[in-house]
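Protein chains in written order, with our numbering: chain A, 1 to 151; chain B, 1 to 151; chain C, 1 to 113; chain D, 1 to 113.
It is worth saying that the hints were derived from the structure and are not from the lab.
Treat each hint with caution, since some may be false.
To be verified - Here are the simulated DMTMM-like cross-link-like pairs (lysine to aspartate or glutamate), alpha carbons at most 25 Å apart as the crow flies:
(1) K5/A with E70/A
(2) K94/D with D15/B
(3) K65/A with E68/B
(4) K78/D with D16/D
(5) K84/D with D36/B
(6) K65/B with D62/A
(7) K5/B with D62/A
(8) K84/D with D90/B
(9) K139/A with D36/B
(10) K5/A with D119/A
(11) K56/A with D119/B
Stated by the list, open to error - Which residues of chain B face chain A? A partial, calculated answer using Cβ under 7 Å:
(12) V8
(13) G9
(14) L10
(15) T11
(16) A13
(17) H28
(18) T77
(19) V94
(20) I111
What the hints assert, rightly or not - Estimated spans, in silico, between C-beta atoms of each pair:
(21) G108/B with G11/D: 45 to 55 Å
(22) M1/C with D76/B: 21 to 31 Å
(23) N71/C with S53/D: 46 to 56 Å
(24) E105/C with S111/D: 56 to 66 Å
(25) F16/B with S53/C: 47 to 57 Å
(26) E87/A with K94/D: 58 to 68 Å
(27) D51/D with G34/A: 23 to 33 Å
(28) S53/D with H17/B: 30 to 40 Å
(29) E105/C with R91/D: 48 to 58 Å
(30) D119/A with A106/C: 36 to 46 Å
(31) A28/D with K94/C: 45 to 55 Å
(32) D96/A with R31/C: 52 to 62 Å
(33) E101/A with D62/B: 30 to 40 Å
Glycine included, C-beta positions come from ideal geometry on N, C-alpha and C.
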Amino acid sequence: MQQRKPTVGLTIASDFHFVELAEIVTKHVAELVGFDEDAAGWISMAVREAVINAIKHGNKQDRNKPVEIEFSFNADTITIQVMDRGEGFDLADVPDPLDPENLLKPSGRGIFYIRSFMDEVHFSSRPGGGTIVSMVRRKSRKEGEKKDADH
Amino acid sequence: MQQRKPTVGLTIASDFHFVELAEIVTKHVAELVGFDEDAAGWISMAVREAVINAIKHGNKQDRNKPVEIEFSFNADTITIQVMDRGEGFDLADVPDPLDPENLLKPSGRGIFYIRSFMDEVHFSSRPGGGTIVSMVRRKSRKEGEKKDADH
Amino acid sequence: MLTIKQRDAEGITILDLSGRITIGQGSAQFRETIRQLMEQGRNRLLLNFADVSYVDSSGIGELVSAYTTLNNQGGQLKLLNLPKRIKDLLRITKLLTVFETFDDEAAALRSFQ
Amino acid sequence: MLTIKQRDAEGITILDLSGRITIGQGSAQFRETIRQLMEQGRNRLLLNFADVSYVDSSGIGELVSAYTTLNNQGGQLKLLNLPKRIKDLLRITKLLTVFETFDDEAAALRSFQ
Ligand SMILES: Nc1ncnc2c1ncn2[C@@H]1O[C@H](COP(=O)(O)OP(=O)(O)O)[C@@H](O)[C@H]1O
Ligand SMILES: Nc1ncnc2c1ncn2[C@@H]1O[C@H](COP(=O)(O)OP(=O)(O)O)[C@@H](O)[C@H]1O
């Protein structure tokens with residue numbers, strides 16, 4: 001997919017106080033590039049979860065470590081990257097929250113939500129250390145396509 | 001004045017579509033660090049004017065040139081820097097909008113507004129080219145202190 | 001910001017929630033309210049979500065915690081007036097099969113005991 | 001977003017403005033509306049700012065332009081119901097001495113002739 005270079009970037013210190021800012025910025029940018037309010041709401045929830053993970057698991061709430069969020073888009077898609085300075089992790093170690101034995105665990109749903117709200121999600125390592133969560137959502141996605149898949 | 005390093009940064013492409021985003025982010029951050037809604041509104045208007053200038057006069061609406069906005073704060077102050085990649089300018093060349101002969105000009109009020117809404121404003125050159133507008137507002141400012149000065 | 005108003009209906013505690021149950025203040029306040037109610041022996045709870053605008057995975061986690069803690073102590077937790085988006089969040093994580101949910105307060109109250 | 005509704009009161013055109021007069025869409029739309037009215041020979045204008053939430057330096061510039069263009073052609077532009085913040089913007093740039101402003105529509109209309 002051809003992507004323009006990022007046109008909006010937001011950097012925050014690793015403090016949960018800034019999570020809502022990331023959410024507001026995402027919603028605004030998504031609506032600006034043509035997503036409807038409902039879609040923009042889901043996209044901002046995905047970014048919110050990724051940012052919480054970056055602050056909590058990645059940067060371990062070290063306020064001196066930034067979380068960077070980059071937005072780029074073309075006619076049909078918005079791509080958002082959330083980057084931390086943590087130690088990374090192995091997706092294979094992440095338990096499936098839909099597994100009956102995990103269903104009533106109080107945590108472990110963030111990545112699952114991110115995947116549900118977005119059309120493509122990639123996790124990679126940041127050169128120099130840290131995790132990059134790269135998320136794509138298409139305007140052409142049929143609403144409910146993914147999030148109703150598990151009825 | 002002792003300032004922490006920036007805790008929030010916003011980068012936008014030089015496109016007027018993103019001016020409102022800068023305004024929203026500024027208002028949110030100012031309220032987050034303890035300014036009341038009214039003060040946050042004035043601060044966001046100052047940043048708005050600085051960002052418009054950075055896009056228009058600095059980067060000349062070249063979408064490939066970023067405008068960077070950095071927020072830092074301590075107990076009493078918020079400091080906001082707006083940086084462009086333009087050619088800079090000489091403050092001495094900027095006409096006084098209160099001069100009777102300029103009063104009915106359609107433009108030329110941006111910098112004056114920035115100075116009115118903030119407690120300290122400095123213009124400097126960015127290493128590598130461009131302008132840095134550095135603006136400070138104090139929580140301890142008496143409301144109306146500056147903006148009513150010209151009754 | 002989360003606001004929680006408490007009502008009593010024939011021994012069942014109804015919590016009218018309003019605002020956001022999200023990481024930080026909202027989740028913490030929700031958790032603390034449930035803890036206090038359980039301390040008072042109030043373990044039949046109906047949570048009214050009509051005015052809840054936003055729940056994130058942290059808030060969903062608090063809901064699940066409250067549910068299991070209450071269940072383990074012979075109590076009950078049921079949900080009223082779930083907005084569509086929050087219902088979606090529960091559905092995709094298969095929690096809609098776990099929680100009893102209602103759109104009618106009277107019916108919800110009758111369902112206890 | 002700026003919305004402009006037009007009313008007519010004994011030959012005076014009242015524009016009920018609602019939203020933001022800021023760089024980009026708001027300023028452009030304001031300018032275009034004034035241009036069209038002048039083309040139609042409607043040059044006695046009362047601008048109702050009651051529902052204007054925001055004006056930036058670009059919007060103030062459009063106001064000044066409209067004022068001078070109308071004045072030059074024998075017209076009049078007056079302002080009604082300025083919110084405090086917008087009044088402040090005009091005051092600190094000494095424009096409050098230039099514009100005639102009113103808080104009462106009837107009084108504003110009577111002032112034209
Ligand atoms: N940015 C990150 N850096 C390091 N580890 C992460 C990151 N994001 C997620 N993880 C790991 O993946 C696990 C699952 O994350 P998630 O599904 O969001 O649930 P939760 O955050 O509630 O545990 C986390 O517990 C953590 O171990
Ligand atoms: N970031 C900037 N880069 C270059 N020139 C600038 C910048 N900001 C302001 N200027 C110069 O200062 C002048 C006055 O700016 P301002 O008071 O905001 O009014 P206006 O933008 O309406 O002209 C501008 O016309 C421009 O020449």
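Quiz prompt | Hints the structure fails to honour | solution = Violated hints: 2, 6, 8, 9, 11, 18, 19, 20, 21, 25, 28, 32 and 33; rest satisfied.
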